[in-house]
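Trainee: Single-letter residue listing:
2 protein chains.
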Amino acid sequence: MTTIKAICKQAKSAALQLAQLSEADKNQLLLAMATQLEADTALILAGNAKDMAAGREKQLADAMLDRLLLTEERIKSLANAVRAIAALPDPVGQIRQMAPRPNGIQVGKMRIPLGVIAMIYEARPNVTADAGALCLKSGNAVILRGGREALNSSLAIAASLHKAMETQGINPAAISVIPDPDRALLLELLQQKDSVDLVIPRGGEGLIHFVSDHSKIPVIQHYKGICHLYVDKAADLDKAMALLLNGKTQRPGVCNALETLLVHQDIAPQFLALASAAFEEKQVEVFACDLSLPYFAQASKADEAQFDTEYLRLAISVKTVASYDEAVAHIQRHSSGHTEVICTQDLSTAQRFLKQINSAVVMVNASSRFSDGGELGLGAEIGISTSKLHAYGPMGLESLTTEKYIVIGDGQTR
Amino acid sequence: MTTIKAICKQAKSAALQLAQLSEADKNQLLLAMATQLEADTALILAGNAKDMAAGREKQLADAMLDRLLLTEERIKSLANAVRAIAALPDPVGQIRQMAPRPNGIQVGKMRIPLGVIAMIYEARPNVTADAGALCLKSGNAVILRGGREALNSSLAIAASLHKAMETQGINPAAISVIPDPDRALLLELLQQKDSVDLVIPRGGEGLIHFVSDHSKIPVIQHYKGICHLYVDKAADLDKAMALLLNGKTQRPGVCNALETLLVHQDIAPQFLALASAAFEEKQVEVFACDLSLPYFAQASKADEAQFDTEYLRLAISVKTVASYDEAVAHIQRHSSGHTEVICTQDLSTAQRFLKQINSAVVMVNASSRFSDGGELGLGAEIGISTSKLHAYGPMGLESLTTEKYIVIGDGQTR
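Chains as they are written, first to last, in this note's numbering: chain V, 5 to 418; chain H, 5 to 418.
A portion of the hints provided could be inaccurate.
Which copy is meant is left open, so a pair is good if it fits within one copy or across any two.
Claimed, not checked - Computed cross-link-like contacts, DSS-like style, restricted to lysine-lysine with a CA-CA straight-line distance of at most 30 Å:
1. K286 to K359
2. K237 to K408
3. K243 to K408
4. K62 to K359
5. K286 to K16
6. K408 to K54
7. K54 to K286
8. K359 to K16
To be clear, the hints were calculated from the coordinates, so they are not data collected in a lab. Nothing here was measured: the structure is a model prediction, and the numbers come from that model.
With the hints as extra help, turn the sequences into a complete structure.
Mentor: Listed below in structure tokens is the structure:
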């Protein structure tokens with residue numbers, strides 16, 4: 005148990021050094037890390053081979069084995085992701101709103117790292133390099149606690165990163181891997197509020213609930229994405245069909261895929277006829293409200309509870325609404341706070357929707373699939389928050405920082 | 005128990021209405037609330053009289069009775085504080101960084117209310133009006149859970165505010181007072197994470213620890229203020245004396261008062277001689293390190309643990325340091341993250357301090373007593389955060405809001 009505490013304390017100490025690095029120093033460090041990852045390809049593949057063998061023995065699902073698998077090409081793209089993070093602008097040290105007060109003191113805010121971030125994740129070895137690079141670029145130390153399935157891969161990646169850090173004079177405790185994915189140790193980690201500033205869990209709802217329920221440290225929460233598309237009576241039906249199919253079928257297993265279609269009753273006859281044909285072609289299973297059911301040859305009846313379902317597959321809930329207000333009320337009741345889309349050509353309706361819906365990402369005439377750090381222009385994403393505190397929506401480098409006040413006087417007193 | 009849940013749900017529903025109000029609507033509401041408070045002076049004084057009688061019977065300390073007491077003048081100043089909040093700029097609806105992505109979608113951020121804020125406080129009836137006004141101005145509903153000692157005063161103030169809200173068509177659940185300060189009900193309140201977005205405890209360390217330890221809702225933490233003044237070897241000694249005396253003696257019982265003086269050894273002989281005379285005159289009790297002890301006629305020896313003490317009275321810890329770096333290391337070890345001050349005329353040293361120290365407020369040549377929402381220009385303060393998540397330092401209206409992403413497209417898909 006003392007080991008976890010010691011790891012956290014060393015990370016806190018390493019964070020003090022990182023917070024003082026210049027952007028140039030940090031970029032040089034990240035580029036060295038990328039080069040080292042490529043140089044250590046054989047060692048990393050050897051670690052990964054152990055995980056793959058154990059995974060096959062445990063008969064992990066094919067999708068999981070694929071997430072776990074590293075290849076020379078995948079290591080190359082890991083390294084390139086680290087290079088891309090080096091190229092992002094550094095938020096640390098930015099000063100804003102510097103202004104004098106009546107007594108002559110100057111007051112402003114300066115952006116600073118959070119300190120130590122703990123990442124809790126499952127069987128994705130790439131997170132080790134990604135999260136390490138994002139945290140270092142924003143001046144934070146990171147403690148990585150991945151799943152048992154990817155442990156050897158993660159340790160090999162971390163060992164490679166440590167080599168690069170040592171050549172740059174950086175305390176390797178700035179990227180620490182918890183070497184034992186035991187739950188008791190995770191619980192111990194979640195108690196270290198004196199040294200860890202933020203916990204970011206990435207994975208299934210079970211993991212996130214476990215972390216939230218047991219953490220004494222603030223947690224970024226992202227439970228699920230029940231994303232809505234509301235097709236307004238003033239919608240352009242071609243655009244609406246494009247948004248619907250892209251949102252539901254382009255990659256149904258991710259959190260920014262659509263789960264619910266709301267249609268205004270005035271255009272329901274036309275639009276649901278189109279949707280029905282398209283769903284049949286794409287083999288999308290439909291759960292429809294009473295008013296929508298007649299438009300589908302094959303659909304199950306959706307009761308109210310159905311609208312709280314995140315399918316993560318080719319299935320969708322469909323509801324016909326009598327008005328814009330009914331659509332908004334439905335979203336407010338069933339939203340998971342992730343992403344909601346309106347399709348309308350009416351400017352007033354679009355503006356009302358942008359103002360009234362307070363999910364993390366609110367869109368007009370654009371696909372919910374754009375709700376992603378890369379697509380929204382953050383450069384890289386360390387997670388997505390569906391709770392409003394600290395960060396809301398896709399989280400980039402700025403979300404790993406905070407602001408302190410700075411005051412410059414000339415001896416003023418109160 | 006169901007009552008607490010019902011109060012929270014009603015507050016959440018009221019918050020949806022508040023989030024849509026224009027700044028003009030909110031200002032009109034606050035001005036009506038101020039007028040109503042003055043009109044209800046007699047009713048509020050009657051409620052307060054009950055609390056005062058009970059407080060005297062319970063033999064509350066004089067300082068506590070004074071905090072509890074309302075007078076016609078104090079009610080007038082409560083009303084004026086609400087008017088001052090009406091005059092502050094509204095952060096809600098502000099849009100920033102709206103910019104096109106390569107595919108033509110426009111992406112930006114819009115500031116929105118958090119939703120429902122729970123204030124947990126002790127025997128200060130003025131918080132009922134202050135916090136109510138700050139939360140409403142920022143579009144949030146608020147649940148107020150004050151101490152038993154001020155309950156009748158709080159209920160009378162809330163009843164007055166509700167009258168004004170009703171004339172403006174605002175759901176009175178937007179300001180809810182928990183009518184029973186039972187701890188079991190507080191525990192129940194701290195579980196309502198589905199309807200409450202943020203908990204702000206204001207009071208002693210015991211209350212804040214209790215709230216943090218039991219809350220399933222994010223909590224703004226402010227334990228204590230161990231504020232440091234470091235007098236550098238390049239300090240202007242007159243300015244340093246002014247900052248020291250103002251910081252320690254102007255109002256020693258508050259969290260932005262100084263608790264520790266660090267002095268560079270090169271100027272310790274001169275400066276500590278001045279400080280010693282001044283402390284004697286002002287009757288400040290001194291706890292000094294071995295190197296500092298000889299300068300004081302009457303001082304106790306300070307061991308390392310002494311430097312973690314928040315005195316909140318006319319007492320101070322004093323340490324002589326061999327270098328700037330030793331001062332920074334001492335602060336990093338003992339700081340509570342509140343406010344630290346350097347006194348120096350050396351620009352490079354000042355810049356290093358501003359960068360290296362990551363407390364919520366970092367000052368050069370200015371009194372720690374300026375570390376306050378009003379003095380820093382926030383207009384009003386709902387609390388102060390010494391944890392880095394969401395808000396750090398004095399919290400104004402902006403701290404009661406968050407940002408969502410908004411996306412405007414023309415049918416783009418991925």
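Trainee: Identify every previously stated hint that the structure contradicts and give their numbers, smallest first.
Mentor: Failing hints, ascending: 1, 4, 5, 6 and 7.
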